[in-house]
Amino acid sequence: MVEGITPDETLDCRGLSCPMPLLKVKKALKKLKAGQVLEVLGTDPGSKNDIPDYAKKQGDDFLGMEDESGYTRYLIKKGG
Amino acid sequence: MNDDNQPSVLNEILISGYQKVFDENWPMWLGGILIGIMSVITFAWARPWGVAGGLRNWGDWFFSSVGIYAQKPVSPLISTNSILTLGLLWGAFGSALLSRQFAIRKAPPLELGKGIAGGTLMGIGSAMAGGCNVGGFFSAVSAMSASGIAMMIGLIIGAYLGLRYLYWEIEHLPSGSIKVAEDKAKKDFDWLKIEPFLGALVLISAVVCTWIYSKNAYTSVGGLLLCGIAFGIIIQRTRFCFVRGFREPFMTGESQVPRAIAIAVIISALGFAALKYSGVRGENVYVPQAFWFGGLVGGAIFGVGMVIAGGCGSGSVWRAGEGQIKLMLAVVFFALSTSLFKAWIRSSAGLTSFMGYRVFMPNFISYKWSVILVIVTMLAYYLITTWNEETEKFVVEI
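Chains F and L, in that order, give the protein sequences.
Just so you know, we're using this note's numbering here: the first sequence kicks off at 1488 and counts up by one.
Just so you know, we're using this note's numbering here: the second sequence kicks off at 9 and counts up by one.
Heads up, a few of these hints could be off.
As the list claims (entries may be wrong) - According to the in silico footprint, chain F covers these stretches of chain L (three or more CB under 8 Å from chain F):
#	region
1	115-128
2	173-185
3	325-339
Hint data in this document are derived by calculation from the structure and do not stem from the laboratory.
Glycine is no exception: its CB is placed at the ideal position from the N, C-alpha and C atoms.
Produce the entire structure from the sequences given, and follow the hints as far as they go.
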């Protein structure tokens, strides 16, 4: 589901813990235009709930997450 | 009925049960209810739940071992403060292993610095307020101490100020990141597979320790170890975070954690009121001499610290148990600074009285109205944060 999507911007949050990944996502999403895709790389276990919840709350489209070796990749499409 | 299928059906039931408990995180409101109930059980067993007291005991023990303090503290092995905090760490560690969530997690230098600074501020704040977010706020409000309400206001102010700092930092400082070795997992031995077995071993060893305590006439201490472990498991599985309870209304507007905290306090306060009113437990237990200056200002300092560290008293300990280096540093500096600061406050009668008064609310407004006041305060927090989730009135834009 997550494969084959080219993100417009990538945010590397590996090594950061709560709430820094979420704050960076908040800031990055603000800069994107509706329909653009943000890719987030993170290692904080809390992000697995926080990032999807936040995207849904903001009316953005959470496209999915995928475990890579040692970190997790999240994709969010900015809503209109 | 096919006999051959039975073991596999049973197996499936066991596996799906295990996944329910240890793969998926538990809902936040369930965490609030369980913490409220465990808080009452812990008080009924021996004493209220606290975290900072245990950290202070470890700090005292360190400073007396290196010869800075003349007086030796109660041994961390039998101090009830120490045992509760040790149990929290132990339970969170076991639970993280059972959930395959334990990993040594490194962090960039700025984050490590924030762990140290946040831990130090939390140590100072909890020395002033008579406890951390647990002993100074959660258990103190349950115990109908006015200082707990003062600390709650302080925590809200501190969380707001801490968040303003984080907003500033994100604009002005590069946070860096940690390089992840891409193919490391393939080369190394797969620890994740055996983590559940290690986790079971860790928790069984805690039961054995409780038994050893009991054998040596320390049944009360042993029971508190189990209480601490129960808190550790509940908090790790729900990822229960008091920081979020105070920061989220300003950051994302999300209100499930503030609501869970309100539920936990109301359950806990009802139990505490019963235990104190009936005379089973002393009325002055967990009523710190911190109303209002110590509670309010200590709470604000603590609030800034917990947002910068990314974990409060309980939150730093359970995340340290999950392997996060930043929070391990926060715990160490929390323990050292709270020990030093408390020793300084205690050394001066003027400073001690400056922190405020010991105010047990039922002495002024009766038990009935104290319980009503606590419930109304918590319901107000519940309703305001829920309203804020819809309207985002208090959310600060980045």
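Exercise. Can you give the numbers of the hints that this structure goes against, from lowest to highest?
Worked result: none
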